[in-house]
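Produce the entire structure from the sequences given, and follow the hints as far as they go.
Residue numbers (the numbering used here), protein chains in the order written: chain C, 131 to 299; chain U, 27 to 832.
Derived by calculation from the structure, the hints in this document are not laboratory data.
None of these values were measured; they are calculated from a predicted model.
In this text, a Cβ means the ideal position worked out from N, Cα and C, and glycines have one as well.
The reader is advised that the hints may include incorrect statements.
[Said to hold, decoys possible] Incomplete in silico selection of chain C near chain U, CB under 10 Å:
id	residue
1	Thr196
2	Gly212
3	Ala216
4	Ile278
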Amino acid sequence: MSEIDTIPVSLTVNGRKVQRFVEPRTLLIHFLREELNLTGAHIGCETSHCGACTVEIDGASVKSCTMFAVQANGASVTTVEGLANADGTLHALQEGFRQMHGLQCGFCTPGMLMRAKVLLSENPDPTEEEIRFGIAGNLCRCTGYQNIVKAIQYAAAKLNGRTYQEAAE
Amino acid sequence: MNEMVITRAEREARLEGMGCKRKRVEDVRFTQGKGQYVDDIKLPGMLHGDFVRSQYAHANIKRIDASKALALPGVVAVITAEELKPLGLHWMPTLAGDVQAVLADGRVSFQNQEIAFVVAENRYIADDAIQLIEVEYEELPVIVDPFRAMDPDAPVLRPDLAGKTTGAHGPRKHHNHIFEWTIGDKSATDDAFANAEVTIKELISYHRTHPSPLETCQCLASFDKIKGELTLYGTFQAPHVIRTVASLLSKIPEHKIHVIAPDIGGGFGNKVGAYAGYICSIVASIVTGLPVKWVEDRMENLSTTSFARDYHMTTEIAATKDGKVTGLRVHVLADHGAFDSCADPSKWPAGFMNIVTGSYDFPVAHLAVDGVYTNKAPGGVAYRCSFRVTEAAYCIERAMDILAQKLGMDPADLRMKNFIRREQFPYQSALGWEYDSGDYHLAMQKAMDAIGYRELRAEQKAKQEAFRRGETREIMGIGVTFFTEIVGAGPSKNCDILGVAMFDSAEIRIHPTGSIIARMGSKSQGQGHETTWAQIIATELGIPADDIMIEEGNTDTAPYGLGTYGSRSTPVAGAAIAMAARKIKNKAQMIAAHLLEVSEYDLEWDIDGFRVKGNPERVKTMKEIAWAAYNSPPPGLEPGLEAVNYYDPPNMTYPFGAYFCVMDIDVDTGVAKIRRFYALDDCGTRINPMIIEGQVHGGLTEAFAIAMGQEIKYDEMGNVQGASFMDFFLPTAVETPHWETDFTVTPSPHHPIGAKGVGESPNVGGVPAFSNAVNDAFGFLGTTHIQMPHDAWRVWEVARRLGLHG
Ligand code: FES
Ligand code: FES
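Here it is in structure tokens:
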């Protein structure tokens with residue numbers, strides 16, 4: 131084994147308390163995926179460009195390849211595995227992405243969903259332009275974004291008690 | 027609900043069969059973070075492999091010293107070409123008939139080439155070890171410009187081929203020449219040019235780029251020494267081909283290799299080939315007795331696992347004064363990089379470049395392609411297109427615009443004048459293809475009407491005048507494209523990969539309770555096969571799509587197929603599904619006849635079962651028939667209800683489309699704003715319109731990226747420039763235009779359900795539409811052809827060269 135010392139971290143992940151020893155250089159995305167087996171968040175670049183690794187930390191969107199696990203000490207982290215509603219039903223965004231065909235290969239999807247969740251908490255009824263700007267840190271190679279925008283609009287409508295009228299294109 | 031009273035429409039709707047915008051089955055797991063991609067798989071004792079890569083584009087390797095790395099705790103092995111030699115695995119054959127170094131054998135020929143494979147307990151230690159390995163190089167002169175590759179004094183890039191004057195595709199003219207491939211009637215074409223009233227000639231280059239799926243290439247190899255079996259998980263678009271290649275190389279019998287392609291995070295051609303990482307992981311697992319995972323990072327992906335395009339097409343058209351084309355002559359200089367590992371069907375070194383006559387009725391044509399080696403990454407994959415079809419479409423669609431400009435004709439009118447007419451199908455092209463079906467005039471007219479083409483031209487004219495008067499700094503471009511693709515490779519008479527004919531396959535099994543499992547030789551990477559394949563079966567067999575499970579990617583259970591690329595899934599695997607379903611239906615008809623005590627010929631199919639002709643009350647549904655197949659089959663008939671089909675297509679399919687791009691360019695900033703993009707596609711029968719439109723959106727976004735900036739560039743030393751998402755242009759939601767989609771339907775006459783495939787059309791048709799728009803914007807200022815990519819800097823440069831900046 132490596133001789134690098136490990137240090138303790140303690141954080142909340144999807145509502146559960148987690149304590150582990152990690153190397154200081156362990157990236158949060160590796161900690162989540164390999165230590166906690168939460169493989170929803172993905173790695174598309176490891177250079178903070180693609181957003182596939184996006185999770186929510188204390189209410190903010192964070193690219194988890196950009197942060198060390200030890201920096202999340204004491205924080206509350208939500209990954210896509212923790213997105214569904216408490217009663218087990220799907221979050222409006224999860225429903226919206228399926229209804230509006232907002233995903234294809236699904237690799238960007240966990241990051242997109244988690245980014246969109248924070249976007250809607252900051253701006254519950256965004257315009258198309260605001261959505262496009264709001265998800266600009268998340269790349270998708272498959273969909274061309276048009277149906278992702280609709281998926282987020284669908285979710286916004288649902289969370290605001292409205293029915294979204296448009297169909298997936 | 028009372029089953030008896032439901033209407034025919036309700037019965038039909040319940041199936042969610044072909045034509046239905048069925049929501050995707052895959053999304054349920056993907057939206058909950060429960061997809062299973064390669065890097066999500068962990069096996070006990072798993073090790074991680076990573077590469078030491080060359081910092082030079084061309085150099086001899088004098089010495090590799092791994093002693094410090096091997097001394098690092100957690101490092102298990104370091105593999106170099108020396109270790110692979112005794113196994114005969116230091117070189118591997120390529121799909122294109124060349125050989126490629128798995129690990130550099132005394133010499134590196136492109137930057138980031140694989141030199142050593144480090145195996146360690148985790149990825150961090152592997153990375154540490156890489157830093158500790160010393161490689162001593164002796165630099166050699168570098169060739170990056172394909173136009174210099176065949177200079178008499180050009181350095182020899184492939185000493186291993188010394189003295190070989192013949193390659194896999196005929197004679198080699200020079201030590202850096204790979205092949206020359208020609209097709210068409212040269213003398214008749216030369217005559218057409220000699221007698222032409224008007225000719226054009228232009229070098230049209232399609233720059234080097236990369237498919238760059240969001241998930242990189244990766245694998246996990248696990249060799250069981252006791253059983254002598256290898257399990258290989260990987261990002262494979264063609265899992266069965268990988269199994270065959272792995273067996274041929276490793277000598278492990280094919281039945282003892284289990285290749286599994288789990289969920290794949292996009293492919294776009296990148297995941298067709300066999301890469302050094304796969305071979306090294308397999309060897310490392312055999313050597314260590316433990317599972318070994320290899321996951322490339324983004325830089326490695328962009329700079330080593332393949333590339334796309336790098337085609338330099340000198341294009342000539344002969345025509346009459348009034349715009350009738352009379353001949354096409356194209357010469358291509360193809361840059362294949364350090365090794366010829368293009369992923370084409372084996373007999374097609376330039377892919378299907380001979381679709382370059384496009385949608386037009388050229389009486390004669392000639393095409394010659396010269397492939398050359400350079401010190402760049404090898405690969406040559408079809409980035410979301412059938413083999414070299416994007417290059418061909420770009421070539422002819424730019425050239426038609428250049429001809430229109432020379433003739434002073436409207437580019438849409440010129441196309442209309444030269445289209446292959448509906449009554450000419452099946453149409454024999456001058457370069458050897460038989461186009462299956464089309465109605466180009468109808469599609470073009472529909473597109474022109476939808477976008478208001480004549481009004482846009484009038485607006486453009488007014489804007490040009492205003493620009494000349496100095497009232498605006500914006501110029502307007504209208505990009506017109508009408509493309510014809512050739513997809514669905516392909517018929518065994520002309521398509522194979524390493525000798526395996528390019529059929530595809532489906533196996534359908536109906537269970538006693540009337541639900542279905544079906545397996546195919548194709549492999550989805552986001553196309554939604556689990557959804558759409560079930561729709562085909564639902565319509566064919568009358569079982570609701572929700573009761574049908576589709577499984578792909580496991581070579582132990584799926585029938586042999588050639589995989590998913592080149593838009594071949596719907597034309598080939600989709601046909602196999604329909605044919606397998608029809609075998610089942612034939613047997614079901616016999617069972618129904620037995621149950622209803624009538625002759626088979628007295629039965630007719632109706633949505634979800636067979637009914638007695640003239641007595642529609644007497645019905646046996648497929649569900650009832652399924653039960654009977656296991657419970658009370660007719661005497662003499664085998665029990666069970668399942669079928670396999672291996673489909674060898676009689677011909678390719680030829681999807682087509684009319685794309686229009688309207689763009690406004692600010693000559694002072696070089697920024698091009700896409701005002702509208704309209705895409706009309708004809709892919710024959712439409713299986714799931716929602717998924718088709720999604721495919722079109724995604725492909726257009728890729729086309730937008732390629733045309734407007736995406737490029738793998740090299741400096742003169744062979745250093746790859748911009749192999750990261752910092753520099754490699756992937757549009758975000760902000761830059762990406764809004765897409766308008768439309769369609770016509772001309773079924774393929776030879777396909778069982780008339781479908782042609784659509785996934786790649788938008789990339790093929792999109793690139794020329796954007797590029798034509800940029801060229802169209804500047805044309806009135808005197809330009810004839812502006813090379814791609816059209817990023818703001820280059821567009822600004824064009825304006826500067828034209829003296830527009832005062
Ligand atoms: S993996 Fe974190 S931004 Fe790409
Ligand atoms: S769905 Fe494939 S990257 Fe977004």
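Does the interface hint hold: is C:Thr196 within less than 10 Å of chain U, judged Cβ to Cβ?
Nearest chain U Cβ about 13 Å off; hint violated.
Restraint check, 10 Å cut-off on beta carbons, for C:Ala216 near chain U
Since chain U brings no Cβ nearer than about 15 Å to C:Ala216, farther than 10 Å, the hint is violated.
Under 10 Å, Cβ to Cβ, is where C:Gly212 needs to be relative to chain U, so tell me if that hint holds or is violated.
holds (9 Å)
Measuring from the C-beta of C:Ile278 to each C-beta in chain U, is the shortest one below 10 Å?
holds (7 Å)
Hints 1, 3 from the list above are not met by this structure, while the remaining hints are.
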